[in-house]
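Residue numbers (numbering that gives the first Met the number 0), protein chains in the order written: chain A, 0 to 260; chain B, 0 to 648.
A portion of the hints provided could be inaccurate.
One-sided and incomplete, this derived list gives chain A residues near chain B with beta-carbon spacing under 7 Å [said to hold, decoys possible]:
#	residue
1	Phe16
2	Arg32
3	Gly58
4	Pro102
Simulated restraints on C-beta separations [as the list claims (entries may be wrong)]:
#	chain 1	residue 1	chain 2	residue 2	range
5	A	Gly205	B	Gly35	45 to 55 Å
6	A	Ala54	B	Ala134	45 to 55 Å
7	B	Trp530	A	Lys161	49 to 59 Å
8	B	Glu304	A	Ala71	34 to 44 Å
9	A	Glu213	B	Ala193	53 to 63 Å
10	B	Arg300	A	Glu213	25 to 35 Å
Worth flagging that the hints you see were computed from the coordinates, not collected in a lab. Note that beta-carbon positions come from the ideal geometry of N, C-alpha and C, so glycine has one too.
Take a look at the letters that make up each chain.
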Amino acid sequence: MADRLRVRFGKVGKIRFTSHRDVARMWERALRRSGLPVARSQGFNPRPLVAFGLALPTGCESLAEYLDVTLAAPVDGPSEVPPWGDSYPDLVTLGLALSEFLPEGIDVGALAMVPSDASSLQQEVTSCSWELEVLGVTAAELVRRVELLLDAPTVSVRRERKGRHFDDDLRPSVRSLALFEPPEGSTASGSPSGFLRAELATRPRGVRPRELVEVLGTDVVLARARRTQQWIECDGARFEPLSADDLGRAVGAPHAMGRAS
Amino acid sequence: MVSLWPSIEPLLDGVAKPARYIGGEQGATVPVHGGGQVAWLLIYPDTYEIGLPNQGLQILYELLNERPDALAERTYAPWIDMESAMRAAGVPLFSVENHLAAGDFDVMAFNLSAELVYTNVLNLIDLAGVPVRGAGRTSAHPVVLAGGHCTFNPEPLADFVDAFVLGDGEEVVGEINDVLAGWLATEPELRDRAALLEGLASVEGVYVPSLYRVDFEGQVLTGITPRTPAAPPQVVKRTISDLAEWPYPKNQLVPLTEVVHDRLNVEVFRGCTRGCRFCQAGMITRPVRERPAAQVRSMIRAGLERTGYDEVALTSLSTADFSSIEDTVRAVVGGECGDQQVSVSLPSLRVDAFTVATATQIAHARRTGLTFAPEGGTWRMRRVINKLITEEDLYSAVDAAFSNGWRRVKLYFLIGLPTERDEDVLGIAELARRCVEIGRRHHRGPTVVASVGGFVPKPHTPFQWFGQDTAAELRRKVNLLKDACRPVRGLSLRWHDPEATAVEGLASRGDRRMGAVIERVWRAGGTFQEWSECFDLSKWEAALEAEGLSLESVTYRDREPDEVLAWDHLSAGLHRDFLWSDWQDALAAVAVEDCRWTPCYDCGACTDAGIEHVVASNVPPAGGSQGTGQDLATGDRVPVRFVTAAGAR
Ligand code: SF4
Numbered sequence: 000m001a002d003r004l005r006v007r008f009g010k011v012g013k014i015r016f017t018s019h020r021d022v023a024r025m026w027e028r029a030l031r032r033s034g035l036p037v038a039r040s041q042g043f044n045p046r047p048l049v050a051f052g053l054a055l056p057t058g059c060e061s062l063a064e065y066l067d068v069t070l071a072a073p074v075d076g077p078s079e080v081p082p083w084g085d086s087y088p089d090l091v092t093l094g095l096a097l098s099e100f101l102p103e104g105i106d107v108g109a110l111a112m113v114p115s116d117a118s119s120l121q122q123e124v125t126s127c128s129w130e131l132e133v134l135g136v137t138a139a140e141l142v143r144r145v146e147l148l149l150d151a152p153t154v155s156v157r158r159e160r161k162g163r164h165f166d167d168d169l170r171p172s173v174r175s176l177a178l179f180e181p182p183e184g185s186t187a188s189g190s191p192s193g194f195l196r197a198e199l200a201t202r203p204r205g206v207r208p209r210e211l212v213e214v215l216g217t218d219v220v221l222a223r224a225r226r227t228q229q230w231i232e233c234d235g236a237r238f239e240p241l242s243a244d245d246l247g248r249a250v251g252a253p254h255a256m257g258r259a260s
Numbered sequence: 000m001v002s003l004w005p006s007i008e009p010l011l012d013g014v015a016k017p018a019r020y021i022g023g024e025q026g027a028t029v030p031v032h033g034g035g036q037v038a039w040l041l042i043y044p045d046t047y048e049i050g051l052p053n054q055g056l057q058i059l060y061e062l063l064n065e066r067p068d069a070l071a072e073r074t075y076a077p078w079i080d081m082e083s084a085m086r087a088a089g090v091p092l093f094s095v096e097n098h099l100a101a102g103d104f105d106v107m108a109f110n111l112s113a114e115l116v117y118t119n120v121l122n123l124i125d126l127a128g129v130p131v132r133g134a135g136r137t138s139a140h141p142v143v144l145a146g147g148h149c150t151f152n153p154e155p156l157a158d159f160v161d162a163f164v165l166g167d168g169e170e171v172v173g174e175i176n177d178v179l180a181g182w183l184a185t186e187p188e189l190r191d192r193a194a195l196l197e198g199l200a201s202v203e204g205v206y207v208p209s210l211y212r213v214d215f216e217g218q219v220l221t222g223i224t225p226r227t228p229a230a231p232p233q234v235v236k237r238t239i240s241d242l243a244e245w246p247y248p249k250n251q252l253v254p255l256t257e258v259v260h261d262r263l264n265v266e267v268f269r270g271c272t273r274g275c276r277f278c279q280a281g282m283i284t285r286p287v288r289e290r291p292a293a294q295v296r297s298m299i300r301a302g303l304e305r306t307g308y309d310e311v312a313l314t315s316l317s318t319a320d321f322s323s324i325e326d327t328v329r330a331v332v333g334g335e336c337g338d339q340q341v342s343v344s345l346p347s348l349r350v351d352a353f354t355v356a357t358a359t360q361i362a363h364a365r366r367t368g369l370t371f372a373p374e375g376g377t378w379r380m381r382r383v384i385n386k387l388i389t390e391e392d393l394y395s396a397v398d399a400a401f402s403n404g405w406r407r408v409k410l411y412f413l414i415g416l417p418t419e420r421d422e423d424v425l426g427i428a429e430l431a432r433r434c435v436e437i438g439r440r441h442h443r444g445p446t447v448v449a450s451v452g453g454f455v456p457k458p459h460t461p462f463q464w465f466g467q468d469t470a471a472e473l474r475r476k477v478n479l480l481k482d483a484c485r486p487v488r489g490l491s492l493r494w495h496d497p498e499a500t501a502v503e504g505l506a507s508r509g510d511r512r513m514g515a516v517i518e519r520v521w522r523a524g525g526t527f528q529e530w531s532e533c534f535d536l537s538k539w540e541a542a543l544e545a546e547g548l549s550l551e552s553v554t555y556r557d558r559e560p561d562e563v564l565a566w567d568h569l570s571a572g573l574h575r576d577f578l579w580s581d582w583q584d585a586l587a588a589v590a591v592e593d594c595r596w597t598p599c600y601d602c603g604a605c606t607d608a609g610i611e612h613v614v615a616s617n618v619p620p621a622g623g624s625q626g627t628g629q630d631l632a633t634g635d636r637v638p639v640r641f642v643t644a645a646g647a648r
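Same shape as in the complex, but just chain B (with noise of 0.2 Å):
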């Protein structure tokens, strides 16, 4: 193996932010190749910037260097720019460390985090000199793997990718390269790409898609099933039992240039039961697992000292959930973890003045935004979503961060859901209004962002069997929005494009069929969709129209209740009965509350895989609705002495 530095160096003069393609980060392994382990490339497949920091891939890296028979190297998309220069000079896809040409690796394995970024994963594929088709490939070529959320719907990379991983990697990814490290002891000559796979689908939480029949009646799907018993006709997730046994990362990768969240990270639990519906993380990543208090504060006091970073993200999906969350930000904030000025950021705020508290104490410096994410614009809506936030919540809330400092606050919503009325989206819009009022009594300025997304459905969720909103429809309710933000003074609207939101759509609940249609995308140039400079529906359009299918049949339309989807013959762990039930509830305007503190829904993650919540506490969180209280009853009720005389009805 040679490394193709020599090649690469010309090329970075003439390429935007050259530092992408170096490596050399703090905390970076540079493995020595040639003494049998097996040779992993780590891929994110979008740019050095928004993959760098991903901790799942940064875990892997770690678990893996650390085994003796194994090593791992990373690499990251080239942008555009760098991708040409590099088929024009004939460098294939390489790796960031020692510069070596991806098809040296054995396993090409990349983490898929979001769904827009599937051509890019082809491209990669193809730029590493690989057959993009696993149909194509031989003993020669390595394996391609694919972990992370989006593989609890893999179907649509199913004719690209070997093998999917379900659920959290810790654990499983020591037994892939079991198998794999067997697989290589054989004679190169010897060496059945079959029995490969046929090795890996016996791995609990490992998905072979070639190893299953896909069957259609028409346009209709029927069944995903197994071609051989070597695969299982169920898929079952992964899941880590105990976070405190895997302190990872623990040398968190310190980049030579600047990339996102550019600071210490520290995973302090992992799932989440608020039970938020349209979440797809919530519901497949439960139950919830806390990191011990005293494991995150070490991890914390050694992260800032072999780092030198000055910020520390404590990450979740909901972190003012950590049962422990007072006392870690106390021994940050006062010098318990290092001696230097620490601050510490709350990526996922909950909507309540007891949270803004927190984050009041936490941010010396920065006060420039906080933001909070109520998702739905009325309390019918968000009991649809069971996102439970009251507009006393949020009125405090916000009252609380303008009285503290904070001259901008940032509101998150979704569109496009279940059950929605225009009501329920005008609702956004004066929701937005009274928070830039409460605003107008501390400070002469203060900015409202309401930030509007296009609801996705996701796989797994009780919104699978939701057909999703036109993008013409989206655009209809982004309009009303428009008109009725504009004549209010400090509150402005940012929306996503609503074809993106009809091409992700495609993504997430495509079944095998859309395979065909990403690589007419890719083959068209259409890279980097999830960037809007380069998104370009109409080659998803004309791919589709090629391809025989339409965003009314994959995404549009709604589910049947005993219809096949193409992620039934996979588990994240939930019962499809409790996900319909709540899918029902849902339509009912019902919300359930966090089973965290109250009884068992039996939705299938505990009970099923005999692990349990891992909690420093059995008492909620104190303040306000998404605490103790869950008042669902009066949730609607506006509370008065927070609405100015022009505000009052």
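Isolated chain A (complex conformation) (with noise of 0.2 Å):
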């Protein structure tokens, strides 16, 4: 069986205007460059066997980005050697070496083995943390909108499918909605604005970030949008596919092995 290392990666600066196809490319060549044994599909144009999660709107930063890597099983080393190659004596090595391979922007946070029969990033995550920065009305009025929207039991807007337009109820996937103060000198631009923490959840259906301030009004814009964490949530408990202190824990992140099993 081979085996699956997941990887947990933050995308800030400049570089999130960069695509999520784009950033898929940049692992690409990393692992390319880290000669990680990656394992490839079969067939007529193998490609390696690289998953990542939910795909993260461009222009938007992340804390918590995931991957997962399939490796190709040693052939005939011995047991000791580590399944990525013995270049790198241990999972933080590894971590800060991808680091490096990587553009400026995009850094490896945690990485961890985890059973290869895990289900799927995609499949796993319920919602996601986020902190929006946004302009265009006053602390108060912002409170008072989020307020509104809060206690509205539907939230009705109008989406796009296939040219078909239709109404879609937003509300139940808004978990949780409220202003924060920032630390100091963490604000995109220097004019007043409030700070949002949402969570949002990916289904029914997901919810951008850009989605849930035009709901605020018309005049509020989204001027920076920062995903935080990821999470699963299973049988009444929540966590995240691999926490920001996994770095190095070769063992896995439990949780995971936990399903799994």
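Put the two chains together into one complex; each comes in its own frame, and the hints tell you how they fit.
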């Protein structure tokens, strides 16, 4: 059975303007440079077996992006050689090396081995936490709008899919929404603005930060959005696919292990 | 100098593909300004995706940043949505490294690889806040330079660009920097722009158009002559004699977002002497200078390791002619250039089975399509243009491709060539039809795409005297082909817009009067004219009319034998006599062989410049009439063994 390496990484700064596909290509190149023995798909045009989690909208930052890399089992290597080869003695070294091979703004935060039969990131993640910086209205007005939204039984938004318009209720996907005080000097712009913390569910359908801000009013402008966590909810418990302090824990994410067993 | 990033960032949420504007490529240099260096802004006047991979620009970028007395940043044409956001917010054209205003640089240097970008050049100068006409600039403005293949007829842009550079840029860029550094060393109040321009004109290969007088008698151009002794009567292109001395780019840029040619590119040779008469690149880049095979291999190895790419393209005008092509391909595929699986692409395939064998060796993965360029539909036509591919070459190449697993073959052709008759045009459909038949012997549903471009005669080629086909005539020929191709299942026809071809002709061979036309089109909002969704013939027609010019006078008419051409004062190394006799040979359908392996024709490229071909092998490559044989006598004999019963005549 092949080994799977789960990586948590961030995407901050100018690089937030690259797309999800762009980031996938950056990882492909970085993995090739690292020399990690990445397993490849079968067939005419074999691709590296790399799976990304939920797409991050272009323009958003994130502290919690994930990818799973399936490693080719080492061919008749001694058993003490880690599955990623002997060039990286441990996961900390590997994480640092990968950050080095990635462009500025993309850095590895944590990595661990997970069982290869763990379900995919895309399927597991149930909600995401966001920090949003908005402009256009006063703080008091923002509080009022947030309350209105939370009190509403339904929040109808107009969507378009395949050229057809229909109405959708956004309210069930807004798990929580509140203002918060950011730490000094962390704002995107100098002008007065409000900061929101939101938890948005991925199902029945995902809500993008921009959609959320649009329902707060046409005068509210999203200046910066940053995903801070992705959550997996299972039997009433909530945990991350890999938490930020999992760097170098070779045994892997206990929750993922638990779920797979 | 302040970074404009804080004002740029808010614009990026509202535009398409914002990663075009952020820089951050692996291999980029983020220079520190203020050390007295000459600050260059290198500009590709098309979108980031098209411009970023340009090797010429990347080479100069590295060479300048290696110098202690220079620094270089880059920029590209912002797409229409970004441009309007920038203009609305008062943000000028900016560099992608430090996000500095273009006007803060000492030099704005354009790469001119295609004529239809000319209106973009004006737009970018304007977006930089610099007067578009050179005459309106002062010592406080950046100097506007341009290099690249289009500078071999720079007259249409002469009013807007202060100095043009002809030929290879590797050496001359340093000499230009010396002149600029000297000028910038004087006190700002004492700087005299006229003196700077004269200084630039003294550099070999640099053309300063404002130092020349352009004379007309009525509508006829009668001469372009220096106004001052500082300007040479004829400017001769620069040629580097040994590519081995210039292993650049050493740090090819790896973009953060998708671009064209997104792979490692290694130039294996420069120049081409196949002698195709329609091909300006082949004429103006003579002679052939190969890179040593060992250097090619080490550049591939270092490049793959540094970038993480899994594809390398061996670039040149005709890569199958590289003496060491087989060894090089074997080395890459065999893992000598790194231990990951790597695919090789040869962007310019020669048309013969031997070449397909090489291609088969290298394309483990993507066997989706192969492209060949027979260019002409009949052997007579191909002798006129000196593209010496026999039908046998083509059919054996196509057969080899289909039998090796390819399912799609693309064929490039030109229409509107000199002496062309309808049978030559219909020959395209016939060749393509037979290729489909060959494909059917190997696959159920083979596809052949015949891609047809309208021919634009280019300066410094034997066809420079030829009157371009009118848009209407090209359209008629396209219709002939449409009718002939329609009944053939598996054959699809693509063609270029004949109207865009007409405008390309204006820019290719226009004289200085075209400047006013280009300016009018730009002022009417005509940017990105090489993009079909933006191209607008009516803007060009209106501008021509307003300037008292016409497509007929600029590009549709045949030039007289003794007529002064707008680029006669510039030399690509080729004797006008040579071009004229090659033109006469073309009209008589007389072909000439490649001078790498046959006696010299004394075209001038080597003989006058005191350089010669640098090739590793003095025997021509194996295979096909493009190799050893070049059996010019038997080319039109159709090889029977490739024709099925249904296709036999
Ligand atoms: S000078 Fe002679 S050898 Fe050199 S490119 Fe011209 S024809 Fe060929």
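### Which numbered hints fail
7, 8 and 10
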